[in-house]
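With the sequences and hints as input, model every part of the structure.
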Amino acid sequence: MSTTHIQLDAQGRLLHFLTIEGLTYHHLTEILDTAESLRGVAERRVKKLPTLHGKTVVNLFFEASTRTRTTFELAAKRLSADVLNLNIATSSAVKGESLLDTLRNIEAMQCDMFVMRHPQSGAAEFMARYVKPHIAVLNAGDGRHAHPTQAMLDVFTIRRHKPDFPSLQIAIVGDILHSRVARSLIHALSILGAGEIRVIAPRTLLPAQVEDLGVRVFHHLADGLRDVDVVVMLRLQRERMEGALLPSEQEFFQQYGLTEERLALTKADAIVMHPGPINRGVEIDSHVADGPRSVILEQVTNGIAVRMAIMSITLGHHHARLTGEET
Amino acid sequence: MRTVIQGGRVIDPAQQTDRVADLFIAEGRIVGLGRSPSDFTPEQVIDAHHHIVCPGLIDLCARLREPGQEHKATIASETRAAAARGVTTLVCPPDTDPVIDEPAVLEWIRRRAKFAGQARVLALGALTYRLRGERLAEMAALKEAGCVGVSDGGRPVTNARVLRRALEYAATFDLTVFLTPLDPELGNGLAHEGPVATRMGLPGIPVAAETGMIARDLELIRDLGVRVHFGRLSSARAVELIARAQAEGLPVTADVAIHHLHLTDMDLTQFDSRCHVRPPLRGRRDQEVLRTGLASGVLTALCSDHQPHEPDAKQAPLGDTEPGIAGLDTLLGLSLRLVQDGVLPLPALIERLTWGPARILGLDSGHLGVGARADVCVFDPEAHWRVEPGSLNSRGQNSPFLDWELPGRVTHTLLEGRMVYESTRFGP
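Quick mapping for you: the protein sequence lines, in order, are chains A and B. Mapping of the first sequence onto my numbering: position 22 corresponds to residue 22, and the numbering continues sequentially without gaps. Mapping of the second sequence onto my numbering: position 414 corresponds to residue 1414, and the numbering continues sequentially without gaps.
Each hint should be verified, as a subset may be incorrect.
What the simulated footprint calls covered on chain A by chain B, stretch by stretch (three residues with Cβ under 8 Å from a Cβ of chain B suffice, anywhere in the stretch; the number is not a length) [as the list claims (entries may be wrong)]: (1) 97-110; (2) 141-153.
Distance windows between CB atoms, simulated [what the hints assert, rightly or not]: (3) A:I88 / B:P1347: 52 to 58 Å; (4) A:P277 / B:Q1270: 31 to 37 Å; (5) A:Y130 / B:E1070: 24 to 30 Å; (6) A:Y130 / B:H1071: 18 to 24 Å.
Covered by chain A, per the in silico footprint, the following chain B stretches (three or more residues, Cβ under 8 Å) [to be verified]: (7) 1197-1203; (8) 1318-1330.
Hints were generated in silico from the structure; no laboratory data involved. In this text, a Cβ means the ideal position worked out from N, Cα and C, and glycines have one as well.
Spelled out as structure tokens, the structure:
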């Protein structure tokens, strides 16, 4: 939307990785191709590359996370970086030091990269605006806004199974309203030219005018799943029941839960994805989650390579910028 | 002090005056326009050639942050900022700490304002005790102490029974009730519900959070015949509701904050916390209808909705910041831009900033008739200034209008005939 986004330098290279929105086909394929080449590292006897040797990566998590934080940590370690994990549980009632103070303190520890998850939309952009120029910020999820590394690992996983995006119909099912995963994935799929992106949810779980994001809206699972190539199930947070958005988990599962019968409506070779952690029996039936069409665990594995790719690309651009080299 | 303001274009909407004339002031009052009163020997001459001379501006909603939030601003700092921008009367809402729900708080504010001496500070009393929306405030005592109305102070009364009784009780003492319609539950969000909020993952505030409250309030007003002013409308639909109510003869008035006429939700696309306001910035069409409403007179006043903040209050991810814009410094300049944009003619604009709010408040003020208090603003409409941190007089530097070029440099501000601001040749 803006002319030059804060995550890009004047040449359009990634300095931070904050949101998929505004990136080009080239940005995305560069990440995907790099991730593809890094995927083999895990198969080696010594699972390490020297790319980030001597660099310090800080995982700054203001929200609970196991999977995302761990895969970021592994990605950094496989690139030989030193990793510091900071889990700062906050609630709006008990305010600790300000985000800016936290930032300054960690900066003072001479770090090179921040990986941040925060409950407020826009938090990663805020960090990127205030950090010293040598530091790269990677968004590990900000409020409802964006979760760009998740989107990249999702499209990476899709590409490995179904590389021809224009021919694909993809359905995202569940709590779109609160989902940063959905927003980032929709942008990534649009940029890669996906044939059709569908969202399937009751009206209470869809944000206003969601069609503007370039998606086709379905309210009934059976209609939306018909002939799709990829199904992405979203996690349903328990607190949605309290906000009068849904009556019960049971009713949600009956209407929107992915079962084997419903999966039969999709194309015969359709794959099932989920960003995790899954709620068995709420949004997805165990038979589907553990079934042959599920690529959920593959997503987790791919997450490491994709995050390694994003880390090396952004820090590489920082290095190039600071030393005046061309990349 | 006898003063003559010479050669300016005098715009006094209350008298429908718009001509080049000398304005004569003595003993703090206007004593003549055009012709000098007999035996008038001025002690002070203000040269206003090529300048506009108009009543001092009346700002219906300015938070001065005192008492309670002196780390943001003080009555002294903000009245000084007001004087420098031609604002001579400020109305502060009751959501101070302590709340203006007893005469002592008002008395304290008045003393501080008198001590500062830069602008007249009026206050709205609380409609309910502690603004909690549960029990009535002592409105009769507040009126006797000098409150110019009573208000929900930005915390709408959700309980319709309490509101109905509060409206009736206020009307008993001929108090105008100032309401800010935004349902706290439905309005529990960060941005106008629509494509921008959706894209940015910001919790949306639907238009119905505003119009639902207005519709309810209008029904109560229809039953009771009480006088109500709706402050800070944000949506096209709200303007339409008020226009229809006025056409039906209901005693309702409304205002708009100046930033709603210049910004939309698109200004939030960079997560700019300076644009975090309540009610939220809405869409392009809302802005157009608000502008039309101001021009047609459905909205009878234009205010700053001044909310100065310390830097920390805005330096955080959007959802962790406090809402509000420090608007006093840019009120006149942004208003004059509406004239440039062809929204309304200059005299009508001046009316919305002076006589319009004065009538809402029921004050004999905001005009330059003989005998009126000499609250006067003199400004050069052709002089432009750039909004820069150093150019803002308010303690609050939280303006989204930084780097804007605004017309209208105030050269003199008089409060009851006394010069409270005079620009230096090079200064702002």
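Results of checking the hints against the structure:
1. 97-110: holds (count 3)
2. 141-153: Three-residue rule met by the stretch 141-153 of chain A, so holds; n is 5.
3. A:I88 / B:P1347: 52 to 58 Å: The hint (52 to 58 Å, Cβ to Cβ) holds, given that I88 of chain A and P1347 of chain B are roughly 57 Å apart.
4. A:P277 / B:Q1270: 31 to 37 Å: holds (32 Å)
5. A:Y130 / B:E1070: 24 to 30 Å: holds (27 Å)
6. A:Y130 / B:H1071: 18 to 24 Å: holds (22 Å)
7. 1197-1203: Coverage by chain A holds for the stretch 1197-1203 of chain B (7 residues, Cβ < 8 Å).
8. 1318-1330: holds (count 3)
Violated hints: none; the structure is consistent with every hint.
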